[in-house]
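Asker: This is what each chain is made of:
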Amino acid sequence: MSPARAEVDKLYKEHFGKMVASLLYSSRDIDLETAEDIVQDSFSAALTDWQKNGLPFHPTGWLYKVCKNKALNKIRNHKRTQGLRDDLNLQDVEVKFAETAFDDQQLKLLFACAHPDLTPKTQVVITLKYVANLKVEAIARILAMTIDGVDKILLRARQKIKDEKILLEEPVLAALKPRLGIVHKILYLIFNEGYKSSWGKEILREELCEDALFMTKGLINSGLATKETNALYALMLFNAARFKARFGASGELLDLEKQDRSLWNTELILLATDFLVGARSNLLSSYHLEASIAFVHCTAKSFNTTDWKTIRQLYEQLLRNNPNPFVELNYAIALYYAGEKERAFAMLHELHRHPFFNQYCSLNVTLGKFYLLEGNAQKAKTFLERASTQTSFEKEKDLIRRLVSDAEAQVRSSNGKQV
Amino acid sequence: MQKFLLIIREDLKTIGRYTDEERFSNMPIMQKWIESIAESGNYVEGNPLEVKGRYVTRNEVLSDGPFIESKEGVSGFDIIKAENIEQAVAFAQACPLVLQGLAVIEVRPMSELTD
Numbered sequence: 005m006s007p008a009r010a011e012v013d014k015l016y017k018e019h020f021g022k023m024v025a026s027l028l029y030s031s032r033d034i035d036l037e038t039a040e041d042i043v044q045d046s047f048s049a050a051l052t053d054w055q056k057n058g059l060p061f062h063p064t065g066w067l068y069k070v071c072k073n074k075a076l077n078k079i080r081n082h083k084r085t086q087g088l089r090d091d092l093n094l095q096d097v098e099v100k101f102a103e104t105a106f107d108d109q110q111l112k113l114l115f116a117c118a119h120p121d122l123t124p125k126t127q128v129v130i131t132l133k134y135v136a137n138l139k140v141e142a143i144a145r146i147l148a149m150t151i152d153g154v155d156k157i158l159l160r161a162r163q164k165i166k167d168e169k170i171l172l173e174e175p176v177l178a179a180l181k182p183r184l185g186i187v188h189k190i191l192y193l194i195f196n197e198g199y200k201s202s203w204g205k206e207i208l209r210e211e212l213c214e215d216a217l218f219m220t221k222g223l224i225n226s227g228l229a230t231k232e233t234n235a236l237y238a239l240m241l242f243n244a245a246r247f248k249a250r251f252g253a254s255g256e257l258l259d260l261e262k263q264d265r266s267l268w269n270t271e272l273i274l275l276a277t278d279f280l281v282g283a284r285s286n287l288l289s290s291y292h293l294e295a296s297i298a299f300v301h302c303t304a305k306s307f308n309t310t311d312w313k314t315i316r317q318l319y320e321q322l323l324r325n326n327p328n329p330f331v332e333l334n335y336a337i338a339l340y341y342a343g344e345k346e347r348a349f350a351m352l353h354e355l356h357r358h359p360f361f362n363q364y365c366s367l368n369v370t371l372g373k374f375y376l377l378e379g380n381a382q383k384a385k386t387f388l389e390r391a392s393t394q395t396s397f398e399k400e401k402d403l404i405r406r407l408v409s410d411a412e413a414q415v416r417s418s419n420g421k422q423v
Numbered sequence: 215m216q217k218f219l220l221i222i223r224e225d226l227k228t229i230g231r232y233t234d235e236e237r238f239s240n241m242p243i244m245q246k247w248i249e250s251i252a253e254s255g256n257y258v259e260g261n262p263l264e265v266k267g268r269y270v271t272r273n274e275v276l277s278d279g280p281f282i283e284s285k286e287g288v289s290g291f292d293i294i295k296a297e298n299i300e301q302a303v304a305f306a307q308a309c310p311l312v313l314q315g316l317a318v319i320e321v322r323p324m325s326e327l328t329d
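Those protein sequences? They're chains A and B, same order as listed. Take any residue in the first sequence, note its place counting from 1, add 4, and you have its number in the working numbering. Take any residue in the second sequence, note its place counting from 1, add 214, and you have its number in the working numbering.
Errors might be hidden in some of the hints.
[As the list claims (entries may be wrong)] As a list, the in silico PhoX-like pairs of lysine-lysine whose alpha-carbon atoms are at most 25 Å apart:
id, chain 1, residue 1, chain 2, residue 2
1, A, LYS221, A, LYS17
2, A, LYS164, B, LYS295
3, B, LYS217, A, LYS181
Note that these hints are calculated values from the structure, not bench results.
Pulled out of the complex, with its shape left as it was, chain B reads as follows:
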């Protein structure tokens, strides 16, 4: 099995206005999704990200970055194991946030060097 990074993108402008409680109000259904991935041994780890952050380029360090304004900013990530990218995509498709149209998920195979 290969590892995949699921990059969860949401409208940060909206969730930036939420309190933690509001933001995590949909946690129980997300929890169910993660549990179902873990049950079959496909879940590795994951975390929601805070909306604030720093943005670094060669010439400047923007303390706020473009995050707060971003329509499709990274709001969290999960690492899962899957048989192939189709299966990884199928896991991502079942994410409650995606089903509700609140988030999109980018599915990226993680590079691994073979011996």
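Here chain A stands alone, though its shape is the one from the complex:
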């Protein structure tokens, strides 16, 4: 990659959303689509110019200046065609060079993306676009969507952002606070997207987790954060600490039981614990509970010595906070390892009778695995084979295949004994 291309990519990642927001903030004559076009144009101009003439002394300044000029031209042309007097105050479009890590502009954008009328998925897409500055193609790849699909979501969301007062005015603390819950959810979902193993080991996905961590830290530093934010941050850190151990030597997906715990990052675990302690509160949010579960896993010496009784209790509370069948599945797993096998199987079979959850790959894998552990290899095989038709992700299929061959080996050895 040429130095010019590398620099443009780097600046795009840091400044795209900020530049768009600056333009919106500086002039009411610019709408979101125009602002995006202008910023996009500026980046193309930069690439062409820098490839020809080499990097300027101050690339960021160069970029903002070009962007400002393009915006001014646009506004002038616009006023002319409208036959209005050209009384534009040039100072209006003065943009500040914001180069701090996570600044007010990004914070404002983050809260603007947390529009309550939009679905969480849409909120995630626009946050990735305007706050994390990812390109449409990257967003499509990460979220397993088509480019067209992402574009459609953005198109609909633009109108909402355009209506946003908080993007155009100085945010009042009181106006932002009610949205904090939605902001937390967005950050949580972005981290999850990066963490989900389904798409396998991809650098891009770890970067997504880093983006989520970065934005959450920015929120904590902003003074808008609550105990819940700290709990969320702790949850992310606990999971990030286990990154390296989630895949085996040949890149295969490993379940918790088989992970090499010496690969877990103890510094991150300590940091996470600090934040969890700091998040202590009478009101326990789902993030508190999930972070506590992660804490118990992270501080267990081995899978077998894990304090499953505590985990089971935490899931019980989580289920009360957030009753849904997916949490029930996790609760059932905790029940099994905490020794309440009968209740676990009863819950799993109850879920299995449901026409929807019957189709849920993780449910069938869990049933398969537990029957395997109970020595009922035949039954295990049935559930596992069903599960393997329910995922399209190679790494998951591969994990299931390994379990099926375990089951087959068990069947063979028990047949052998009978003979």
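Let chain A serve as the given structure and place chain B on it in line with the hints.
Answerer: Quick look at chain B alone, frame taken from chain A:
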């Protein structure tokens, strides 16, 4: 957040002729939709309904009811949590059955008494 009932309406005459297997053949994509709602903590519960049922009025009990003939009969329901009705509608709009034109969804806020 408020709770919403999503009432899924389909052509019962058509799905009444399906076997369970045929009817639930689009379950994997519905599953994805539900998973995405659950992932953000917005899903509570839901169920498809059988096509048969009883219809009760003051004067009569019709064993079959009008269900089997109904073009827009209730074929299932979901309960979700959402910030407001716009968000609930946005969830419903993303339902694969709606996108394929196979179903319409009625979105109704569930009444809750405040203390």
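Asker: All the hints need checking, so say for each whether the structure fits it.
Answerer: Evaluated hints:
no.	hint	verdict
1	A:LYS221 - A:LYS17	holds, 18 Å
2	A:LYS164 - B:LYS295	holds, 21 Å
3	B:LYS217 - A:LYS181	holds, 22 Å
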